[in-house]
Amino acid sequence: MKIRSSSSTPPSPSQPVSENAFWLNFEANARRYGFFLLLLIVIAALCGAFSKGWLSHQQRTTADGGLTLEYERFNRLMSDTEMKIVVHAGIRKEVTVVLGGDFMETFQITTLQPQPDRMQAQNNRLVLSWSRDALPADHAIWLGVQPLQWGQSQSTVAVDQGPSLPFWQFIYP
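Using this note's numbering, the first residue of the sequence shown is number 182, and each one after it goes up by one.
A few of these clues could be false.
In silico lysine to any residue, SDA-like type, Cα no more than 20 Å apart, as pairs [claimed, not checked]:
(1) K265 x A225
(2) K265 x I222
(3) K233 x T291
(4) K233 x I222
(5) K265 x S232
(6) K274 x A339
(7) K233 x R257
(8) K233 x L329
(9) K265 x G343
(10) K233 x T292
(11) K265 x Q335
(12) K265 x M285
(13) K233 x R213
Distance windows between CB atoms, simulated [unchecked claim]:
(14) S195 x K233: 29 to 39 Å
(15) Y214 x Q335: 51 to 61 Å
(16) D319 x L227: 30 to 40 Å
(17) W349 x W323: 43 to 53 Å
(18) F207 x G332: 33 to 43 Å
(19) W331 x L205: 34 to 44 Å
(20) S195 x L227: 41 to 51 Å
(21) D319 x T292: 49 to 59 Å
(22) R299 x A211: 55 to 65 Å
It is worth saying that the hints were derived from the structure and are not from the lab. C-beta atoms are modelled at their ideal positions from N, C-alpha and C, and glycine is treated no differently.
Using the sequences provided together with the hints, build the complete structure.
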């Protein structure tokens, strides 16, 4: 509905309120397009564009197949999220997982299962080590993390000096 008059209508006994055509058109367009915008936001949220869901869930594997990472690509600041690192250990004596990039600056680890035999921070990287005796062939490491900074985070994960697996996450404020 578009009203063509650009001036306000003067008040009369039958219409006690002065109406401006510009604002009437603005309201009609806000209703029309606002509904579709709200619908798009709800659909994006249900698909996981703001947290857990189809768009957010990501699984990455190294080229040699020695490491698989499952994580949520979109998170919220100060809310708990999980990462699952699966190491296909084979016959190694010790398994070492290295988390690098922005990981140490962006996340706080709240839980780590199973507990590593050794853990150290070196050169802005977190190095976790387990002895082979305590591990099955496919070793799953569960990390409960909490984002500390909002924005995009570029991190890496590697196992036993192998190729690093880069991954990114976006943290909403």
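Verification of the hints:
| no. | hint | verdict |
| --- | --- | --- |
| 1 | K265 x A225 | violated (25 Å) |
| 2 | K265 x I222 | violated (29 Å) |
| 3 | K233 x T291 | holds (19 Å) |
| 4 | K233 x I222 | holds (15 Å) |
| 5 | K265 x S232 | holds (17 Å) |
| 6 | K274 x A339 | holds (17 Å) |
| 7 | K233 x R257 | holds (10 Å) |
| 8 | K233 x L329 | holds (18 Å) |
| 9 | K265 x G343 | holds (18 Å) |
| 10 | K233 x T292 | holds (19 Å) |
| 11 | K265 x Q335 | holds (17 Å) |
| 12 | K265 x M285 | holds (17 Å) |
| 13 | K233 x R213 | violated (30 Å) |
| 14 | S195 x K233: 29 to 39 Å | violated (56 Å) |
| 15 | Y214 x Q335: 51 to 61 Å | violated (36 Å) |
| 16 | D319 x L227: 30 to 40 Å | holds (33 Å) |
| 17 | W349 x W323: 43 to 53 Å | violated (21 Å) |
| 18 | F207 x G332: 33 to 43 Å | holds (34 Å) |
| 19 | W331 x L205: 34 to 44 Å | holds (40 Å) |
| 20 | S195 x L227: 41 to 51 Å | holds (47 Å) |
| 21 | D319 x T292: 49 to 59 Å | violated (20 Å) |
| 22 | R299 x A211: 55 to 65 Å | holds (60 Å) |
Checked against the numbered hints given earlier, this structure breaks hints 1, 2, 13, 14, 15, 17, 21; the rest are met.
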